[in-house]
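> Given next are the chains, with one letter for each unit.
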Amino acid sequence: MPKTFAEINEKIRKGEAVVVTAEEVIDLVREKGEKRVAEEVDVVTTATFGPMCSSGALLNFGHSDPPIKMQKVWLNDVPAYAGLAAVDVYIGATELSETRGMEYGGAQVIEDLISGKKVKLRATSYGTDCYPRKEFESYITLDSINQAILFNPRNAYQNYSVATNSSDRTIYTYMGILLPNFGNANYCNCSQLSPLINDPLYRTIGVGTRIFLGGAQGYIAWEGTQHNPLQKRDEKTKIPVAPAGTLCLIGNLKEMSRDFLRAAIFHKYGITLTVGVGIPIPLLDEEMAHFVSISDEEIYTTILDYSAPKREKPNLGRVSYKELRKGEIEIKKKRVPTAPLSSLYKAREIAQVLKEWIKKGKFFLQEPIQRLPVDEKFKPLDIRR
Amino acid sequence: MMKKRIVLTFPPELVDQPIIYRLVKDYDLVPNILRAQVTPKEEGKMVLELEGGKEGINKGLKYLEDIKIDVQPLAKDIKLDEQECTSCGACIAVCSPKALSMNKESWKLEFDRDRCLLCGLCVPACPLGVIQVEFE
Chain V
1 MPKTFAEINE KIRKGEAVVV TAEEVIDLVR EKGEKRVAEE VDVVTTATFG PMCSSGALLN
61 FGHSDPPIKM QKVWLNDVPA YAGLAAVDVY IGATELSETR GMEYGGAQVI EDLISGKKVK
121 LRATSYGTDC YPRKEFESYI TLDSINQAIL FNPRNAYQNY SVATNSSDRT IYTYMGILLP
181 NFGNANYCNC SQLSPLINDP LYRTIGVGTR IFLGGAQGYI AWEGTQHNPL QKRDEKTKIP
241 VAPAGTLCLI GNLKEMSRDF LRAAIFHKYG ITLTVGVGIP IPLLDEEMAH FVSISDEEIY
301 TTILDYSAPK REKPNLGRVS YKELRKGEIE IKKKRVPTAP LSSLYKAREI AQVLKEWIKK
361 GKFFLQEPIQ RLPVDEKFKP LDIRR
Chain C
386 MMKKRIVLTF PPELVDQPII YRLVKDYDLV PNILRAQVTP KEEGKMVLEL EGGKEGINKG
446 LKYLEDIKID VQPLAKDIKL DEQECTSCGA CIAVCSPKAL SMNKESWKLE FDRDRCLLCG
506 LCVPACPLGV IQVEFE
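Protein sequence lines, in the order shown, are assigned to chains V and C.
Okay, so the first sequence: first residue is 1 according to our numbering, each after it adds one.
Okay, so the second sequence: first residue is 386 according to our numbering, each after it adds one.
Just chain V, with the same shape it has in the complex (with noise of 0.2 Å):
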């Protein structure tokens, strides 16, 4: 008999919902099969945490008197977008200090904000009527201003690809460092325990869907940019080989953590956002007891040569995340160290503090109010004349 969301989510209110993490339910439908699984289980957690370039947060800070219209505006010296009403900005996660370059960044803000520091706050504008002040400095904190909104237009990638380097140079890339010779091999998805991993099809995770963001209950906002659902799929799983579907979410940001938002600096590419996501995924019925049982020996993902310095990179052939996990991999017959950059320790414990959040009744589900788009092509940037 298939469930509805309506019906989960009373389960939830009873204390009575069955929630396991996706790991967990690997050996449940091993032991009891799809059927049994999709009758038992409500609520399979799943769970990433790793760099996530597309992100930042919207502020609003309150006017000051006489008040300004911030036309520039920088916080701890990093610029923030500023090019919308007066006193709102987006600082994104990638920017880079003017003064201390790749050390600190937008990032870095978010997480000082988080953390209760206070952060400068200098804005220049040319003034006008309503608006006569022309310079603004002060110190702002996460509670003295109004809203503060996570917004990332790009996270939770649907599988990502494994990057490697078979250049006579160590490279420093978004992936990690890549030694020489193939020196190195990285990857970053928590494959079994990944929220689009799980949902391969996108029929219970879409737009409106309620998270775990960063430590607080947030929501998706819609598909994320460069959403690839059209990529490659193995035919057997239907899941992605290569990054596919993304999601842009939102939330509080006052409520959320320094324990599930970090900021991260990759050596000399730049600074980015480790974000932590958990994404409910309710047993609707057999197919989705199947979907959340695919193991890593069944999820594949391709391998790719970064130190082409092209938007095609060299494929060189695909890997299954048990191999990964292993440790080492054979790339054109030699043995190929591997590394995750998204931790499973951390993906781990969002899985088990949703799972409580849902069985003690504080997290319900919400039924997607309109569906991951499933034909969307994701076109390239030519020069055009």
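For the record, the hints were derived by calculation from the structure and aren't laboratory data.
The hints are all genuine.
With beta-carbon atoms standing in for the labels, derived distance ranges:
#, chain 1, residue 1, chain 2, residue 2, range
1, C, Ser481, V, Lys232, 32 to 40 Å
2, V, Gly327, C, Lys461, 22 to 30 Å
3, V, Met102, C, Ser481, 24 to 32 Å
4, V, Gly327, C, Asp499, 14 to 22 Å
Output of the computed footprint for chain C on chain V, the stretches with three or more beta carbons under 8 Å from beta carbons of chain C:
#, region
5, 46-55
6, 159-171
7, 176-182
8, 259-267
9, 335-345
Ideal placement from N, C-alpha and C gives every residue a C-beta, glycine not left out.
Place chain C on chain V using the hints.
Then chain C, alone, in the frame of chain V:
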């Protein structure tokens, strides 16, 4: 006489040059190679102890930098702040002696101090800046 421990990174085009010979002959230094990974036409790494006069060592180091070899001081100790570490694993990518590794059950980062060669490569590789190095 003094001793200095350094980490050298060679670009591929310098790997086939007799650099150690020049340090001995031109600067009167006694080099002791503690660890090396040098293959023709590849980037090379060498942990080196130099013994000699103060002037000879300073001139020898300037010679290395002039021919575009990256020279870093050898670390005395590596410190991992376990409270701040999220066990992402980015550091194990550059740790060839496998002193840093993931526990395959808990997926928590483990640091085996006995295997660490103090090369210091993990320090910039850590995105959270929770690995610190102390120099001699």
